[in-house]
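Since chain A is already given, all that's left is putting chain B on it; use the hints.
So you can see what is in the structure, the chains are spelled out below.
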Amino acid sequence: MHKTTSFLCLLVIAMQPASAQELLPDAQRTSTWFIDGAQAVEQAARREDPKGKARNIILFVGDGMSVTTTTAARILAGQQAGGPGEEHVLSFERFPHTGLVKTYNTDAQVPDSAGTMSAMMTGAKTNIGMLGVGPDAVRESCTSQQEHTLPSYLELAELNGMATGVISTARLTHATPAATYSKAVNRGWEDVSDMPPAVVADGCEDIAAQFVGLADRLSTHFGIAVDGIEVAFGGGRRHFLPADSRFNSPDASSDVEGDRTDGRHLINEWLEQNPEGRYVMDRDGFDAIDTSKSGPVLGLFSESHMRYSADRLNDEAGEPSLAEMTRTAIELLRQEPDGFFLMVEGGRIDHAHHAGSAYHALHDTLALDAAVAVASEMTNVEDTLIIVTADHGHVLTMGGYAKRGNPILGLASRGGEPNLAADSLPYTTLSYANGPGMRFFPGITSPDQAPRQLGKPREARVDLSQVDTTAPGFFQQSLVPLPSETHSGDDVAVYARGPGAQTLNGVIEQSAVFDLLNSARNMTEQIDE
Amino acid sequence: MNRGSCGLILTLAAMALVGCQHINEISPRAKARNVILFVGGGMSTTTVVASRIRAGQLEGRSGEESWLSFEQFPHVGLSKTYNVDAQIADSAGTMTAMMTGVKTDAGLIGVGEASVRGDCESARDNALLSALQLAELAGMQTGVVTTARLTHATPAATFAVSPERDWESDADMPATAKAAGCIDIAAQFVDFESALETRIPGADIDGIEIALGGGRDKFVASGDRKDGRDLTREWQQAHPEGVYIADRAALESIPAQSSHVLGLFASSHLDYQAALSARSAAPSLSEMTRFAVERLSHSETGFLLIVEGGRIDHAHHAGNAYAALTETIELANAVSIADEMTHDEDTLIIVTADHSHTMTMTGYPPRGNPILGKVPVPGRDVPQMAFDQKPYTTLSYANGRGPYPSASAGSTNPDVRYREPVTMGRVDLSEVDTTAPGFHQEALVPLESETQAGDDVAIYAKGPGGALVRGVLEQHLIFHAINHSLDLVNRATEAVNESEVP
Numbered sequence: 000m001h002k003t004t005s006f007l008c009l010l011v012i013a014m015q016p017a018s019a020q021e022l023l024p025d026a027q028r029t030s031t032w033f034i035d036g037a038q039a040v041e042q043a044a045r046r047e048d049p050k051g052k053a054r055n056i057i058l059f060v061g062d063g064m065s066v067t068t069t070t071a072a073r074i075l076a077g078q079q080a081g082g083p084g085e086e087h088v089l090s091f092e093r094f095p096h097t098g099l100v101k102t103y104n105t106d107a108q109v110p111d112s113a114g115t116m117s118a119m120m121t122g123a124k125t126n127i128g129m130l131g132v133g134p135d136a137v138r139e140s141c142t143s144q145q146e147h148t149l150p151s152y153l154e155l156a157e158l159n160g161m162a163t164g165v166i167s168t169a170r171l172t173h174a175t176p177a178a179t180y181s182k183a184v185n186r187g188w189e190d191v192s193d194m195p196p197a198v199v200a201d202g203c204e205d206i207a208a209q210f211v212g213l214a215d216r217l218s219t220h221f222g223i224a225v226d227g228i229e230v231a232f233g234g235g236r237r238h239f240l241p242a243d244s245r246f247n248s249p250d251a252s253s254d255v256e257g258d259r260t261d262g263r264h265l266i267n268e269w270l271e272q273n274p275e276g277r278y279v280m281d282r283d284g285f286d287a288i289d290t291s292k293s294g295p296v297l298g299l300f301s302e303s304h305m306r307y308s309a310d311r312l313n314d315e316a317g318e319p320s321l322a323e324m325t326r327t328a329i330e331l332l333r334q335e336p337d338g339f340f341l342m343v344e345g346g347r348i349d350h351a352h353h354a355g356s357a358y359h360a361l362h363d364t365l366a367l368d369a370a371v372a373v374a375s376e377m378t379n380v381e382d383t384l385i386i387v388t389a390d391h392g393h394v395l396t397m398g399g400y401a402k403r404g405n406p407i408l409g410l411a412s413r414g415g416e417p418n419l420a421a422d423s424l425p426y427t428t429l430s431y432a433n434g435p436g437m438r439f440f441p442g443i444t445s446p447d448q449a450p451r452q453l454g455k456p457r458e459a460r461v462d463l464s465q466v467d468t469t470a471p472g473f474f475q476q477s478l479v480p481l482p483s484e485t486h487s488g489d490d491v492a493v494y495a496r497g498p499g500a501q502t503l504n505g506v507i508e509q510s511a512v513f514d515l516l517n518s519a520r521n522m523t524e525q526i527d528e
Numbered sequence: 000m001n002r003g004s005c006g007l008i009l010t011l012a013a014m015a016l017v018g019c020q021h022i023n024e025i026s027p028r029a030k031a032r033n034v035i036l037f038v039g040g041g042m043s044t045t046t047v048v049a050s051r052i053r054a055g056q057l058e059g060r061s062g063e064e065s066w067l068s069f070e071q072f073p074h075v076g077l078s079k080t081y082n083v084d085a086q087i088a089d090s091a092g093t094m095t096a097m098m099t100g101v102k103t104d105a106g107l108i109g110v111g112e113a114s115v116r117g118d119c120e121s122a123r124d125n126a127l128l129s130a131l132q133l134a135e136l137a138g139m140q141t142g143v144v145t146t147a148r149l150t151h152a153t154p155a156a157t158f159a160v161s162p163e164r165d166w167e168s169d170a171d172m173p174a175t176a177k178a179a180g181c182i183d184i185a186a187q188f189v190d191f192e193s194a195l196e197t198r199i200p201g202a203d204i205d206g207i208e209i210a211l212g213g214g215r216d217k218f219v220a221s222g223d224r225k226d227g228r229d230l231t232r233e234w235q236q237a238h239p240e241g242v243y244i245a246d247r248a249a250l251e252s253i254p255a256q257s258s259h260v261l262g263l264f265a266s267s268h269l270d271y272q273a274a275l276s277a278r279s280a281a282p283s284l285s286e287m288t289r290f291a292v293e294r295l296s297h298s299e300t301g302f303l304l305i306v307e308g309g310r311i312d313h314a315h316h317a318g319n320a321y322a323a324l325t326e327t328i329e330l331a332n333a334v335s336i337a338d339e340m341t342h343d344e345d346t347l348i349i350v351t352a353d354h355s356h357t358m359t360m361t362g363y364p365p366r367g368n369p370i371l372g373k374v375p376v377p378g379r380d381v382p383q384m385a386f387d388q389k390p391y392t393t394l395s396y397a398n399g400r401g402p403y404p405s406a407s408a409g410s411t412n413p414d415v416r417y418r419e420p421v422t423m424g425r426v427d428l429s430e431v432d433t434t435a436p437g438f439h440q441e442a443l444v445p446l447e448s449e450t451q452a453g454d455d456v457a458i459y460a461k462g463p464g465g466a467l468v469r470g471v472l473e474q475h476l477i478f479h480a481i482n483h484s485l486d487l488v489n490r491a492t493e494a495v496n497e498s499e500v501p
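Here the protein sequences line up with chains A and B, keeping their order.
Each residue of the first sequence is one higher than the one before, counting from 0 in numbering that gives the first Met the number 0.
Each residue of the second sequence is one higher than the one before, counting from 0 in numbering that gives the first Met the number 0.
Just chain A, with the same shape it has in the complex (with noise of 0.2 Å):
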């Protein structure tokens, strides 16, 4: 049998008619473009999509992760790495689905991160500034928040006896972390000063007070006893201290670092909660993480957001990177028996922009890749689904008629001296629609070291020529001045692998991310059974 098949093998490749590239031009059949590109289209008909269902389910959320901020932070990284750049491939662009988002909310053109990320968490979309209540809640209205409010993703894993945690470089508090566990009309109650106190006579609870009682809640409301958010990883103690010096963290940065009223201590609280649960604010905590030991862990890096990536080790206590929690969490999540739904949030892209900075943009999109490129490797592709995706836009664009290989964060120039504007001014490849526009200060490694706004107008075209557009101290012009630069409307990509990342549809409605987590492991089935 073996024998027969080789012979008319060999007979049949004997028979074949002259070699079909005999037609194609050398310059074509020889160019390197060329034969990787029929290589990469043989591998992707020859692709087999992994059957069954993901045992884990990663989420990783680049927070106004725009697609020009992804191909500008892919030329970075590129150019990082010697090359001219714009060929780079970042980790979660090799994966095989993709899709783009319609990122609206229900009453915003253009959305904001809670109300997207409730989408992406509950499968319906909502209000901008909402988190984890359906679209007909009122905003700063308890009882209506108490009616409309929806299960997540996370807290349905949880009830199905999943292992769950929560990653942002953000305050644990902030809005994208806050949709996996929280439920709030309005995305500023990170803490119960933050709240009118007609709300807390109401009922409702701070989103800091929910990530601590989330057990207590899922249990009594569900009738499942659910044991809460396995890792927690981020930034926001302020939120989670009594308004009192004497429970300041050895690193707080300001004078009073908790900001609570009520009196409450919700680390000491959560430690009661766990007896067996691990505690940790800095970097020498982080590493002593021991991931053999069963028992949950909660990490409070920062008073409020952790650093941007860029300026991460300047920090005074230290701080682990997103790749550095994403792994650890992975460690600590991958004993658990029935597998584990993880969210990680690269929550400072969106900041940076927001401050006018491509610089610190880029990088934290590099942080979130680096994450990604961990998860990637610590998981199997046959039995894990990891989704890769933004929550909304950003008003970055990237003109003009640079060269290849020209810095991605410089003067657009077709090679020698840059091109000039109808002003006479040289111009950044990288600008904002709106925002705070030019500012350069030399020397500062962070957005959050620069000078406050003035509230004036300032100059949009002043002239570039000599000054470093690369350096971290640089913002971008920008069109319209304004306080913080905006959000942008356009579609933001969604990259799957792992089982269920075929369902990926063309373009989606933001809620059906969720839809594609639950075609992964379905939550909503196991629950009614």
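Read the hints as simulated data drawn from the structure, not as lab findings.
Among the hints, erroneous ones may be present.
Facing chain B, from chain A, some residues (calculated, C-beta under 7 Å) [said to hold, decoys possible]:
| hint | residue |
| --- | --- |
| 1 | 42 |
| 2 | 43 |
| 3 | 103 |
| 4 | 417 |
| 5 | 502 |
Covered stretches of chain A, as calculated for chain B (at least 3 residues, CB under 8 Å) [said to hold, decoys possible]:
| hint | region |
| --- | --- |
| 6 | 139-147 |
| 7 | 158-168 |
| 8 | 481-493 |
In this text the structure is predicted, and so the values were computed from the model without any measurement.
All C-beta atoms, glycine included, are put in the ideal place defined by N, C-alpha and C.
Then chain B, alone, in the frame of chain A:
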């Protein structure tokens, strides 16, 4: 060799043998019978979103929930558009990538990166074969439809070889290039058959069946040509059964038995969609697409049709979002027609853009706010003011000529903007109707012409092979997806080999 790969080769080879014997039928290896590639010139992802909202609002809805026809396709990928020598690409290099499977330099048509722009000699050894040429060699029917000049970069890259995209007629070429043997793009269109047959010994092709667009002046002595040739007459002589037409009315009365159709409906680009009326000489993109698909559908060997919405790009360059959105919606209409007229089982439809533009969509208008309007104060019907106490529109450009509202309000031709000076800085738009066809958006960097952008563009696909464009792709993979679905190179090779046998 393991048994698995032997089995695969066995199957492929057996199929190849069957294919050899019936070269005039669809190869059994081919997954698609027909391919239609739609290219929105400069149709960035932001352009698609804004057009989707505009389309919905024109139908009386809030807009964001709408879908353009191709947005309902099951497969979406992202395309990396850079040229080999340019971070931010041009249409010549990008369309050459899509047509030949080889990324190349900006400004080059159908030649590889080793060619030097504007250097005729350098093109000689770097000429590539396009998907359209391969389809002709394979015995398929082919068509090219565009709202731009037929000799403009995107359509040119389907049939021409030129180290300079601007060599559209002989008058556009330097004497040295002509002396060195280079031929202008219009002449290459008319000489297409003979040139390809000379280039590929054994080839016997019948020419591009359907070509509809603008650019008549590049073909006739009464237009731009200085060599005295009337290429439309030469084309008619070469295609005695073919029909040459110059207006929309003629398109409707072409005999069914005519072998070829060449329609040149304007001296340069066709009018913008917003300017078209029942009396216009030019048909719309969807009318041309309907005609082309109807004709080509009769092909027994399948067809390859390339349709370009060329004026999305022109509207953006002029800084006019109104027209860019209108043109995009018309492209979506054309896609919808092509989709209805073909079968998902045998026709691969790909919709993409060649490159992006710098238009952005700013925050934070409420749901349903007119997409061409100003951003209002939350909850109120008055415009939000920026720091400079001026309102701002949702859509704006990173660069370009900026607004010149008094001169251009009401015009459906964005190009009138070029008659007025470049605007420096912000303008007070309080009293300006920014939703009017003639309004040109503000721009940060004052430039003679708004530029293209470097961000990825989307690829939308349905039909056999559509799944091949999922993921983040180098742009030239679009050729390889088409080649894989039609088995183009193999079929062309077999056809040429077959006819070489005495």
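To see whether the hints hold, each was checked on the structure:
Restraint check, residue 42 (chain A) versus chain B: the minimum CB separation of about 10 Å is more than 7 Å; hint violated. At about 5 Å, the closest approach between the beta carbon of residue 43 (chain A) and any beta carbon in chain B falls short of 7 Å, and the interface hint on this residue holds. The interface hint given for residue 103 (chain A) holds, since its Cβ lies 4 Å from the closest Cβ of chain B, which is under the 7 Å cut-off. Hint status for residue 417 (chain A): violated, given a least beta-carbon distance of 12 Å to chain B, over 7 Å.
The closest approach between the C-beta of residue 502 (chain A) and any C-beta of chain B is roughly 10 Å, which is over the 7 Å cut-off, so the hint fails. As drawn, the region 139-147 of chain A meets chain B at 0 residues by the rule of a beta-carbon pair under 8 Å; below three, the given contact is violated. Figure legend: the region 158-168 of chain A, annotated as covered by chain B; annotation inconsistent (0 residues with Cβ-Cβ distances under 8 Å, at least 3 required). A count of 9 residues in the region 481-493 of chain A with a Cβ less than 8 Å from any Cβ of chain B is obtained; the coverage claim is therefore met, three being the minimum.
Going down the numbered hints, you'll see the structure goes against 1, 4, 5, 6, 7, while the others check out.
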